[in-house]
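Here is how the chains run, residue by residue.
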Amino acid sequence: MLLIHCPYCEEARPEVEFVYGGEAHIARPLDPSTYSDAEWEEFLYIRSNPRGRHHERWRHTHGCGRFFNAVRDTVTDVFETTYKAGEPRK
Amino acid sequence: MSGFRLADGGRVDRRTKRSFTFDGKAQWGYAGDSLASALLAQGQMLFGRSFKYHRPRGILGAGVEEPNALVTVDRGPGRVTPNLRAPSVPIYDGLHATSQNRFPSLKTDLLAVNNVFSAFFPAGFYNKTFMWPRGAWEKVYEPIIRRLAGLGDSPKTRDPDHYDATYAHCETLIVGAGPAGVAAALDAAAGGGRVILIDEQEEIGGGALSDPAQWGWLAEASAKLAAAGNVTVLSRTTAIGHYHQNFVVAAERLTDHLSLAEAEGPREKLWRIRAGEVVLAMGAIERPLVFEGNDVPGVMLASAARTFALRYGVAVGRKLVVMAVHDSGWRDALALQEAGVNIAAIVDLRRDIDPALAEAARAARIGCYTGYAVTKVTGRQAVTGVKIALDGVAKEQSLECDAVLMAGGWTPTVHLWSHAKGTLRWDEAWGAYLPDKSHENLRCVGACAVAWDFGSGLAIGALPAAKPLHESKAFVDFQNDVKARDIGLAVQEGFRSIEHIKRYTTNGMATDQGKTSNLNGLQIASDVLAKPVTEIGLTTFRPPYTPQSFGAMLGHHKEALFQPLRKTGIDDWAERKGAVYENVAQWRRARYFPLIGEDMDAAVARECLGVRSAVGIFDASTLGKIEVVGPDAAEFLNRMYTNPWKSLEPGRCRYGLLLGEHGFIIDDGVSARLAPDRFHLTTTTGGAARVLGMMEDYLQTEWSDLDVWLTSTTEQWAVIALQGPKAREVIAPLMEGIDLSAEAFPHMAVREGHICGVETRLFRVSFTGELGFEVNVPAQHGRMVWEAIWAEGQKHGVVPYGTETMHVLRAEKGFIIVGQDTDGTVTPDDAGLGWAVGKKKPDFVGKRSLARPDIVATGRKQLVGLLTDDPQAVLEEGAQIVADPNQPVPMTMIGHVTSSYHSATLGRSIAMALVAGGRDRMGETLHVPMPGGVISAKVVAPMFYDAEGSRLNG
Amino acid sequence: MVEIGVKIAPVAVSAADLKLGSGPVEGTGVRLSHAETKARYSLRARDAAVLDGVLGRKLPAKIGDTADGIACLGPDEWYALLPEGTTLPKGEGLPVSVVDVSSRALGFVLEGPGALAVLSSGCPLDLAKLAVGRATRTVFETVEIVVWREAEDRWHVEVWRSFAIWLWHAFLAAMHSSGGHAAK
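As you go down the protein sequences, you meet chains R, P and L in turn.
The first sequence begins at 1 in my numbering and counts up by one.
The second sequence begins at 1001 in my numbering and counts up by one.
The third sequence begins at 2001 in my numbering and counts up by one.
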């Protein structure tokens, strides 16, 4: 079970309190109607799936309830950092 | 010496005898004996039959590495445990142990015929031979092979035991309580942090238990640890695995070492330990040597013989020969001789022996054969002697003996290190992989960090012999019966990576996970391929370190505690009324309320007619509820749902349809505006948590500028649905402060007031097509209000109904159930709910997807009604639909039945279905092929009752 | 197919045996009981000062802190456990959310030197490090709870109503089996 540092609670908490939220920094367009079909497909379905550093979202569902972002190495599962939603990509 | 028990020595309590049985025969030992030591003391050498060839097998090791002596322990019905290792089974009064994999008995095993034909059972034999005819593998070959080659029988009755589990936290966790582990624990304890020290054996001490010189120190250290306020010592506890961030799972055996009379409480306890630092002090396991006949009972590890003599006071034979390629064999031989075990000779392939050891052996009058190797062991069920030869090929001679000890060097136990993704490096001197780097706060001490002096030695695959490898019966993996020549064969057939060789030969794949065989297998493959070991690779260590019971994994999650079963406050009223339940998500819900003699169909028909003719009462408390509060509440809902919300007046309700961003329906529900800044949302029972999570996601990460908050109120409100023409009359006398008249309180309205003196949010809504109300009251009052309504309802013929009736009633009206009539690929238009999509809204979740080419394409599956030609035929939900019933198989399937019932109201069956281009097929006859014949049905609009909706407004 | 004779009862049937105890129950060094009836509120605001103003009291600012029966559970979330009958103003029109959830949860109290071990049997948090007077939302196995450390050996546990029966019995199971056998 992973330990995940919640940037809001400012402590490491057990993984079972969290829910994974997929890749981070994929913002919903302000006006989706201006997106072409190809652009919309990219937004909906295309993810980077890297080997190594992955920017991803987690929610501390059974804790403070907040979504936040993390950088995790998909090979070692080591978290490099976690940071609050809305902060720039790290 | 009585039997094989030495006159003195050992840690067993010679004043306390224990009686037990092995294969039904009465046996005894001393308190502190293992099953292996007690039986060896009686001269028992034969412990089991091998997996594949049914060769007689004895004890190889004195610990968890033991591959041969697997036994079944019977502690009564449901308490039969197979595949336990005899050296790790402590004896107690009344222990019943039996050997495995033999028929009819250990001494006379008819299946040993496999051994005679062993030349025909090489690696890959099964895969190559039992290929034909197709289908015979499952029905004929596999069952027979499984009977011939197998381990113990798996349990056939329910496990009556209970299991405990806990989380634990410490600053330092030490795995292994040998000298290095104990020292690390004392160190850590002095630091003041919480320390947990775990060890798999009956008592702590590890290797020190086999070295009387260390017993004084061990006793002192144990007392110190016990007295420390910050140290938890767990013996009989196996660290199963190391997981991320120093999360170590261990299983503690609480009662298996006790007689049935003494055993109380849970059988095992699962420790889920999070540690700041993990110290691995798991020691090392001695390697066997690979030579002809190395599996004859009586051939064992030198370290095992030492442990049996010095820890248990048992000689493993009366005349022993040691076959060593390592100094530790000489040391063990000397210690054994001193303890009174007769060592006839030491054979060592090396010519240069540490002079001190050679001198000590001479002084102890032990014959020494340097440069020699054992080339054959004589004897079948027991060792009678060995043949040895210079360099394995010359000057062959015979030595008489009744046991052979193997000293092949040491393999550090790096299992948990590897679980933690620690890297390994090959060490030539040790002939083993050693811990290298880890990104965890993890370190090794003692033998598993090679910080232990076993002396030096050779790392060798098979001993040299004149007999060619492919003719030899020299075993590498004892438990899976893999011989050196099988590895040779695998290489010959083209396998190069050890991962492939392992799977082809099954080397290292038995329940011992190759604790004694992996490195010998690697060395042999390396020799045959003429490549360095490091180029062949290393197989992966995976949890569990030793086999574990499923019970310990479950912990408390057994029977009624298996998982939470959510019940509403009205549930036990339903129970008293004889409700039949169904589980919906984690909830259990009353499905129908049968009267005496009624089956489900009869009960549901009666309940349906009761609702349509008078009034029904239904517990809808499980509906998901979310309170949406804040100045931007309406704006938020407008963005989430497909339809407009800003215009909804306080006091009114609206059906909301929720899409994913992909444009497909994921939830629906009726929601009410209580105040300009307060909404009461409802979701499906199963969708409550998912919908709340999705809404939080949008609110927190996309629209964090909105001032609105979501609070789950699913469990705040009990919901009592009253549906039917008499619904108003039933609740009217109980209501305070709400004008129930049709004019003042129209369909799809909400009012706040009181019922039975309790605050209520009263919804006028209908999921049945009848006049309906949903009474929301705080959950703690739900039962009281339900009973009051029930009592009042008696005057009006009220009938309680369950989810099955609810499903029929809504299907008669063509109302969908998300997840039943939709499957995650259904758009609002597909479901016939295009009216619920706000055409003028610039955006909402999923809107853009509704314009994607595939979504607007013709021919999509659409929800339609089906009326079978035979009005009494009820289609099966999930059944496939075809246009042409005469088309040869495979037929073109154009859709499937989503909902299907017998409607008592209509006196016939009704169904809903998703059919390609369904709305263009109105009036067409389609076909549903079933095993009993084809059922034909006409496509109709999914609305079977009161299409004009007049009953709603009663 | 081989008939092995194991009959596993459906969860709905087996779990029907569980009823919520009326308590209290004594174990080795631990006592489980129902907490007294409380008024419960979920309080939300982006700016705590606005909520302070609505309620006429100062809310704890740091996640995990508690003050006068109100715990801060998240950056914009507080949970109030107040004497039965307490009603709070709703702050209509203001950027706050005040929701009465009195009926949503039940409260249990675990007290005594063995209470920590009972909680730790299913809660993965290092609760020994949760200071007296602090509270947090977390889980007990798969069930969400709010743990409030009221005193060194007194823990208040909030659980949603429908999970309460399971949690009560899970605590009992731990009390039966863990008595006197916990990590130091």
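Hints listed in this document are in silico derivations from the structure and should not be mistaken for laboratory results.
Hints are supplied without guarantee of correctness; some may be wrong.
Straight-line distance between alpha carbons at most 25 Å, and here's what the computed DMTMM-like set of lysine to aspartate or glutamate pairs gives [as the list claims (entries may be wrong)]: (1) Lys1841/P x Glu10/R; (2) Lys2038/L x Glu2084/L; (3) Lys1847/P x Glu41/R; (4) Lys2184/L x Glu1202/P; (5) Lys2019/L x Glu1743/P; (6) Lys2129/L x Glu23/R; (7) Lys1387/P x Asp1527/P; (8) Lys1847/P x Asp77/R; (9) Lys1437/P x Glu80/R; (10) Lys2090/L x Glu1696/P; (11) Lys1847/P x Glu1759/P; (12) Lys1840/P x Glu80/R; (13) Lys84/R x Glu1787/P; (14) Lys2038/L x Glu1202/P.
Going through the hints against the structure:
1. Lys1841/P x Glu10/R: 41 Å, violated
2. Lys2038/L x Glu2084/L: With a Cα-Cα distance of about 4 Å, the restraint between Lys2038/L and Glu2084/L holds, given a limit of 25 Å.
3. Lys1847/P x Glu41/R: 13 Å, holds
4. Lys2184/L x Glu1202/P: With Cα atoms ~21 Å apart, Lys2184/L and Glu1202/P stay inside 25 Å; holds.
5. Lys2019/L x Glu1743/P: Measuring from Cα to Cα gives roughly 45 Å; hence the hint is violated.
6. Lys2129/L x Glu23/R: Measuring from Cα to Cα gives roughly 33 Å; hence the hint is violated.
7. Lys1387/P x Asp1527/P: 24 Å, holds
8. Lys1847/P x Asp77/R: 36 Å, violated
9. Lys1437/P x Glu80/R: Holds, because 18 Å separates the two Cα atoms, which is no more than 25 Å.
10. Lys2090/L x Glu1696/P: 21 Å, holds
11. Lys1847/P x Glu1759/P: Status violated; Cα separation ~38 Å.
12. Lys1840/P x Glu80/R: 46 Å, violated
13. Lys84/R x Glu1787/P: Between Lys84/R and Glu1787/P the Cα gap is close to 50 Å, so the pair fails against 25 Å, i.e. violated.
14. Lys2038/L x Glu1202/P: Violated, at about 50 Å.
Checked against the numbered hints above, the structure breaks hints 1, 5, 6, 8, 11, 12, 13, 14 and satisfies the rest.
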